[in-house]
Each structure stands twice: as structure tokens, then as C-alpha cells.
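So the protein lines, in turn, are chains A and B.
Start counting the first sequence at 0; every next residue gets the next number (numbering that gives the first Met the number 0).
Start counting the second sequence at 0; every next residue gets the next number (numbering that gives the first Met the number 0).
These aren't lab readings, by the way, just hints derived from the structure by calculation.
For every residue, glycine included, the Cβ atom is placed at its ideal position computed from N, Cα and C.
Mixed in with the good hints, there may be bad ones.
Below, computed lysine to aspartate or glutamate pairings styled on DMTMM-like, alpha-carbon distance capped at 25 angstroms [unchecked claim]: (1) A:K334 / B:E113; (2) B:K108 / A:E97; (3) A:K723 / B:D34; (4) B:K63 / A:E191; (5) A:K442 / A:E191.
Listing some non-contacts, in silico: residues in chain B with all C-beta distances to chain A over 12 angstroms [unchecked claim]: (6) N11; (7) D13; (8) H14; (9) H22; (10) G25; (11) D34; (12) K63; (13) A70; (14) A77; (15) R112.
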Amino acid sequence: MTAHPPELIAQHQLTSSEYRKIVDILGREPSYTELGIFSVMWSEHCSYKSSRLHLKKLPTRGRLVVQGPGENAGIIDIGGGYVIAFKIESHNHPSFIEPFQGAATGVGGILRDIFTMGARPIAVLDSLRFGRLDDTENGPRNRRILGGVVAGIAHYGNCFGVPTVGGETIFEPCYDGNNLVNVFALGVCKKEEIFYAKAAGVGNPVIYVGARTGRDGIHGASMASAEFTEESKQKRPNVQVGDPFMEKLLLEACLEAMHTGAIVGIQDMGAAGLTCSTCEMGSRGEVGIEIELDRVPQRESGMTPYEIMLSESQERMLLVAAKGREEEVFRVFRKWGLEAVEIGAVTGDGKLRVRHHGEVVAEIPNRELADEAPLYDRPYTHPPRGGLIPDYPSTKLQRTLPAMLGAPDICSKRWIWEQYDTQVRTNTVAGPERTDAAIIRIKETGTSIAMSLDGNGRYSYLSPREGAKLAVAECCRNLSTVGARPVAATNCLNFGNPERPEIMAQLVEAIEGIAEACTFFETPITGGNVSLYNETLGEGIYPTPVLGIVGTLKTAEPVTIPFKNAGRKVMLLGGIGDCDDTRFGGTQYAKEFIHELWGLPPALDMEYERRVQFAIRKIIAEGLAESAHDVSDGGLAVALAECSFGPGEIGALIDLNSDLRPEMLAYHEGPSRILISTEYPNKVAAIAGKYEIDAPVVGVTIEKGLEIRQRTITLGAWEIAALKTAYTQAFESYV
Amino acid sequence: MKFGVIVFPGSNCDHDAFYAVSHNLGQEAEFIWHDSHTLGDVDAVILPGGFAYGDYLRCGAIAKFSPVMSAVREFAAAGGLVLGICNGFQILVEAGLLPGALIRNRGLKFICREVRLHVATVNSPFTNAAQKGQVLRMPIAHGEGCYFADQRTLDELETEDRVLFRYLGNPNGSLNDIAGILNRERNVMGMMPHPERASEPLLGSSDGLTVFQSVLEAVVKA
Chain A
0 MTAHPPELIA QHQLTSSEYR KIVDILGREP SYTELGIFSV MWSEHCSYKS
50 SRLHLKKLPT RGRLVVQGPG ENAGIIDIGG GYVIAFKIES HNHPSFIEPF
100 QGAATGVGGI LRDIFTMGAR PIAVLDSLRF GRLDDTENGP RNRRILGGVV
150 AGIAHYGNCF GVPTVGGETI FEPCYDGNNL VNVFALGVCK KEEIFYAKAA
200 GVGNPVIYVG ARTGRDGIHG ASMASAEFTE ESKQKRPNVQ VGDPFMEKLL
250 LEACLEAMHT GAIVGIQDMG AAGLTCSTCE MGSRGEVGIE IELDRVPQRE
300 SGMTPYEIML SESQERMLLV AAKGREEEVF RVFRKWGLEA VEIGAVTGDG
350 KLRVRHHGEV VAEIPNRELA DEAPLYDRPY THPPRGGLIP DYPSTKLQRT
400 LPAMLGAPDI CSKRWIWEQY DTQVRTNTVA GPERTDAAII RIKETGTSIA
450 MSLDGNGRYS YLSPREGAKL AVAECCRNLS TVGARPVAAT NCLNFGNPER
500 PEIMAQLVEA IEGIAEACTF FETPITGGNV SLYNETLGEG IYPTPVLGIV
550 GTLKTAEPVT IPFKNAGRKV MLLGGIGDCD DTRFGGTQYA KEFIHELWGL
600 PPALDMEYER RVQFAIRKII AEGLAESAHD VSDGGLAVAL AECSFGPGEI
650 GALIDLNSDL RPEMLAYHEG PSRILISTEY PNKVAAIAGK YEIDAPVVGV
700 TIEKGLEIRQ RTITLGAWEI AALKTAYTQA FESYV
Chain B
0 MKFGVIVFPG SNCDHDAFYA VSHNLGQEAE FIWHDSHTLG DVDAVILPGG
50 FAYGDYLRCG AIAKFSPVMS AVREFAAAGG LVLGICNGFQ ILVEAGLLPG
100 ALIRNRGLKF ICREVRLHVA TVNSPFTNAA QKGQVLRMPI AHGEGCYFAD
150 QRTLDELETE DRVLFRYLGN PNGSLNDIAG ILNRERNVMG MMPHPERASE
200 PLLGSSDGLT VFQSVLEAVV KA
């Protein structure tokens, strides 16, 4: 074979040194199909070539970790013979190009990652970032993207039959040209029924199941190839189309087929489709795989080997069955009306061999292809920082609190989550906006799983390291606030172009921050996803590491956010906290009223944070808290208002003993703080004393009103009904 | 007694219905696959929620042709109790076992939320354990749950006391606030809200059990 022209190599986003490495591995020039195969496997998306070096710093082991990074999802032992599988993934770029299908297939992809492991998906959460909805120039487009993304998630999850139980939605100008859609999914299975994406047993059949292969999504990660444009005369959309009904059938059929005992290994075809699933399964099992493309079910005629290997058509799985037991597998798929075809076999030579019309069109060593992608230690300098401390005027809390509650980041997202089926499978103990973490019970074990997604781009922009630590701390705090013990984490790292040293610095610092905090809070990272190049026209997004942490608790009625009865003491575990102009941390307030972002994020003392979390878990376990809500975006005033929005409209009379400037007192976002209402302030104080944390009584619950005082001087007093209207009706006015 | 829960490809509340009548109500239950030609020895059959056959073409439009539906028709004709919940209601309407149609929600969006239901009649095997006028809390979760029928059908439903439940605070634009109806013989019912999701206090309401308890009482008495 002759060398490919440099333009073609560049079009495949391979550098000349990467190309030389390919020639070295093969001992010859690659065929056109092989060039395509290498280009997707060695893409940033599949190979993590810019981040791998740093991802190694993450803690991945723990007592409960059954499977860490490297498989389709991480697995944690929850006791009683059961495990949970979970992971988060991004679908940012597709959702920007085609919001509905981009988001829908994002959900589809992560669900397959879960049931590939043998686990039935039981919960989905989403972390979403969009540009500002009220922006004069980009607002209409951002609203269209928001509507499409939400409808796409709803379409896929609702039909598939998995409840979407929580998440977060934030709006910033930096996401104008680059929204983020991060989807977390969690499933459950018996410990002895876990499946791995590993091929084994020379001679075992390789079976293709699910949807047919089409030309959709070829080079989802990169671009259209020369041949692609020449031969098809039109650029097919790089975004795939999802079919949740097909996925539902695949789920049921795969789980049923797994029960036959005839399946050796199984992997979904996600990014890089057939290419990725064949070479990764081969590499993990240290075997070869040989397939004949003529047997691959195809939706269109005349597809080339290149197209078949690179297609990202959705709802497809690849499995290896035990030889002689194929019929057991086929029978199950027939029952569910799905196509299952033997397309090849496991071989002993460690190679991915692809035939088309009997001729070998690609022959590549699996291990080199899957695991020896180039690794880059990209240079990094210092992350950019926010601006200088502005001189900002004082404002009246009376006026600012209703406005804060109606801000897009803070206000109720009911408009979004009512479009999601939050209850299917009848396990949802706490869905959106009832508690700080979503809670799903496991019927089989009497335990429940609490889940939270957190990331704060503003903090991470000011300091990627501290922002990442704060995200871990808040995620754990959300779990602790419902009484759950955080046990393991997954992360989705959304960053700009890693080839820019200051962006690379953000990535490195964030990873190190996550590593430090996850080690400290004993929540090992069991998997995740890195999404780089999130920028448009040179404008990067805020560095946005999103953490998904899961915790366990005994199944019971949850302690929810709202105050329940008048006359209860309101206590602030962790204390009022401190801040100054450099660590104001009131980023939400600053965004709405000062229009600046400066200084450093609020200071986190991890030791103290841990003691606060121990204390709240103890308080919840002893049944001492009637309500519980952590203080986060928007600070104390916003958290107090949110506690007042229960059906009974019980508010509070609060008096804060503090010297802070009123707007700092009301809106600073210092971590390690949790508001509870209790009938037993002395018992709570005793627990707080034991853990050496502040837990001042800051007020008492009252009917219908919220009043906040600072050393007896009233800063603001409101009817709950008015605040609730501002909070609940704002979002519809933006969309 | 024994409930049968039909499983169409794409049903996704089948396990929930099964759990509600077996675990929460304490009765026997079995799944019935969509290509079955018989319902076996079940005393009542549930068509559960979900997206049967992907709800392609129109909700329930393909499901009505599945083999099990002829068994359901025979079962209903013989007086057997048939419950269609959400997608099951849509299928029964498409199959002609119940009148009217379920069209896109007024707001054109999928809605999942708890609603309050007014029990409009207790003269049925599905509500005999309730009080007339009782208000039940249970969730809805549908995109196409707006009940629609011509005036004559609506008049018939009203005069024949065949409206089972009405929404308090109509979420989807259903005519006459209809959330559930009966056939003329009063042994086939369809409802958009999900009683199986409101069958234990942990999930926020156990009002939905009233429906299954009514069926149990009706079957035991018969």
C-alpha cells in the first residue's frame, strides 16, 4: 500500500507522528479503512490522550469498589448480594447541533453502558448548562436548545422506562456557543450476574444484535472524510437518531440472554461503533476478533467497510457467546423481535481482522489499537483568573431576595422535570426539588441509593482546584443531608481546548482537586468521561467538572427540604461562616446584581466539612430533623426561602448574629452549612458538640412568613406566597 | 385472586403493576406475553403503562393487533375485569373496548406530576371500595392523555354513570375533566393516572390501592 496524502491524514485528525506510529505498529502503510479505524480509536474522545496521564491521579479503589474505570460503568457493592453500576457521560457537541436527538442519544448511550454490565437501569440524572435565555442575541437559540434537550431526554428516558430523578441546570454566557449535556445513569444487578466487555474463548462466535447499521454518525467525533463526500454527495448528519423503543427491547433481550448463561462477554456499540466494541473486547480479553462485514445487518446498500466500521448507529450491541450455545441466545432475541447475527469469531492471534466480501480490509493488533493510543503530556501554565474586586454598592435584601429566587439558576425547574417520568419502576422515594439528593429504593435489599450531580463552573473558573474540591464536597453534603453515606463517584470533565496551556492548566488542577477531595471523602472515582474542545470561535466554557456521587441509606421516609411545623427551632449546622471581598463566594448574587466574577471561590475546610456531614447523618439517623437543606447557590437567604416552600407555607423568623455586610451575610456561599428545623435543639446541639461544629439556633419556624434579621434589625420580611410565586413561576417566563 | 399483567414490547409499567398487586395488595400475579392467545386462569387482567410497540404511528394503534388482544376481547365479553392504565387505556380505546380517544395533552408536553382525582362513581368493580366524591391522590405520566370524544359519547358516559374519575385541576385538557371511564357493561375500565405508583406510603400515596382493592372485593364476592 502506498502512503496516504498528508491532507487525508490531517482530515482524520491524526498528526504526522501519530501516523508514523500507525505505520510502525502495522509494519506497513494502513489501508483506508484502517486509517479510519485508528482515527476514531485514537481520537481524544475514545483515547483520552490529553487527559489520561492526569486521570491516573484519581483514586479508584475502595472497599466497596467491584469495578473501577476501564469498563463500561463502575460497580459498587451495596450489600445483600447486590451491586449498582453507574456512570456519567457527556453529549455536548451533538446536543448543540441537534438538541433533541443529541440529548436523546446521550441518554441512550449511557443506558447501554449500564445494561451492558448486566444491570437494569433504575435512575437517570442530568447536569445541563446553557447560554442565557434572556440574551437579546443568543436567547432565542438558547431557548430552542433548552427545549430540545429537555424534550429529547424526556422522549428517550420516558419511553425506555427509566425515571429521571434529578440534576441541575445552569445558565451562563460562556455556554452560549457550547451547551453541556451530561447524563448520569445508575442500574442494579445481583453481584454474581455482572457482565464484562471482554472477549474470551478462541472459536467462540461474535454476535451482532439490535438496530441495523446505517451511515449515520460516521465520525461523530471528527469530520466527514474525503470518500464520504465524494461517494455520497452529501454530508450525512453526524448526530445519530435514537429509538428508545428499540433500546427497551435490547435491554430486556440482553438481560434475558445473559440469564441463559450462554453469553461470555458483551459491549454496546457507542462511540466508534463496531470498531470500538470489537477491538476493546479483544484487547481486554487478550484475544483476537475476526469479523465479516457482509454479515453485518445494514440499513443502506453499498456501504463501504470504512462506513460500516465507523458508523455510530444507535441501539446496537456486540456479544461473544459460548460456542454451541448460539441458539439459546438467538431464541431470546427472536422472542423480542430483534436481529441477532453471527458476524465473526474470537481468534487467538490478538488481532482485529475485518473482512469484506471475504477479503481482509483491516488487520490491526487489538492491544496497540485500543490501549496504546498516543499519550500527551500537554504543556500547561496557569488557569486564567477572574477580575479585580469591584466597588459594589449595598442593596436591600427586601428587594433582592425575590429577584434572586426568580433567577434562572435558582428558580424552580418544574417546567423541566415535569416533562420527565420521575416515578416509573415505583422506586422513587425522593425526586426533584424535594430533597438535596434524589433517592431511589432498591426493592430487593431494603436499602436506598441517594444520588447527586454537582459542578460549579464559576468556582472552577476562579480556581479549578478549589472548584473541583467544592463540587465533591457539595455532592457529598447533598447525600449526607438526606442521611446517606457517600460511597463512590463518577465524573464528567467538560473543558475547552487542551492544546491551549491555560486550558490544560484548568484540566490538570481540576483533576488534582477531585483526586484530593475524593480521597479525603473516601469516594473513589469508578469511571467517567472527559469532554474537551468545548469552545466556539476561541471562546472556551468555564471549566466545568461535574461530579456524580452515590450514597447508601436504609429505605425510609425521607427528610425533605421544607419546614413542616411552626414553632420549631431553625439551626444552622456548620455556622454562619465567614467571607471577605476576595472570598466573597456570593457568585450568584454577584452575577445577578454586580455582573462580575472575581476573587476566589468560598474557602473549604475539608476536615470541618466532614464533621458537619457526620453530624447531619447522625441527626437524621436519630430522627431529630424535621427538615434539612444544605446552603449552596444563592447562600443562606435563598436556602431559607427554599425551606419555606412546602405545602403548608411554613416560614421562619431568623435573627443572625454576625458582623458581615448584609448582602454578604445573606448571599455568601460558604460551604459546610446545613439548615435544619427541629423539635430537639438540645439533642442536636449535643451531636454538634461531639463533632466540634458550630450549630447556632438562628430562628424559629412561623406560619406564612419569612423574616430575616441581623442582630434584631430587620433586613427583609416577606409573605411566603409572594416568594413562592417568584420562585415557581419565573422559569416559564424565560422559556 | 390472580391478576394477569400483559407485557407488550415496550410496556414499562408492567413490573410496577405486578409489584403493586402482588407485594402491596398481597395477591397472585403473572405476566402474560403479548403473543399469547389465552389469558390462562386469571381473574382480572391489567394492561399496564408504557410505550407498547414504541407507540409508533399512534399510541396503542399497533398494540391492538397483537394476538393477546383477541384473548382480552373474549375475556371482556365473558365479563372478565379489564384494567387499562395509561398506555393500557390508550390501547383499550384503540381496540374499541372503550369509547373516545386520547390525544396530545393541551400543553403539548409530557406531564409527570401528582394529581387529585374525584371518584365520580362507586358503582363499578374498580371503585366499589371508595366513597363517592372521595378524592384520591396519584400521579399521571403521559404525553397523550387528553380524553376526547364526540358529544353523544360524552352524554352517554355521563348519563350512564360511566365516568370513573375526574381530575380536580385538569392537567391535560381532557373533556369533562375525565381521567377514567367504564365500558357499558362496567367490567372494562381505562384510566390515565397510575394507581400502581400510589400503592404504598413510602412513594407518597397509597390511594391507588383503592382501585386494586375494589377489584379484589368484586372478584371475591362474585
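Status of each hint after checking the structure:
1. A:K334 / B:E113: 36 angstroms, violated
2. B:K108 / A:E97: 19 angstroms, holds
3. A:K723 / B:D34: Violated - the C-alpha atoms of B:D34 and A:K723 are around 51 angstroms apart, more than 25 angstroms.
4. B:K63 / A:E191: 39 angstroms, violated
5. A:K442 / A:E191: 18 angstroms, holds
6. N11: 3 angstroms, violated
7. D13: Violated: least Cβ distance 9 angstroms, not greater than 12 angstroms.
8. H14: 7 angstroms, violated
9. H22: 8 angstroms, violated
10. G25: For B:G25, whose nearest Cβ neighbour in chain A is about 15 angstroms away, the distance exceeds 12 angstroms, so it holds.
11. D34: 9 angstroms, violated
12. K63: The assertion about B:K63 holds, with a minimum of 17 angstroms to chain A.
13. A70: 18 angstroms, holds
14. A77: Label holds. Min Cβ-Cβ 29 angstroms, cutoff 12 angstroms.
15. R112: 5 angstroms, violated
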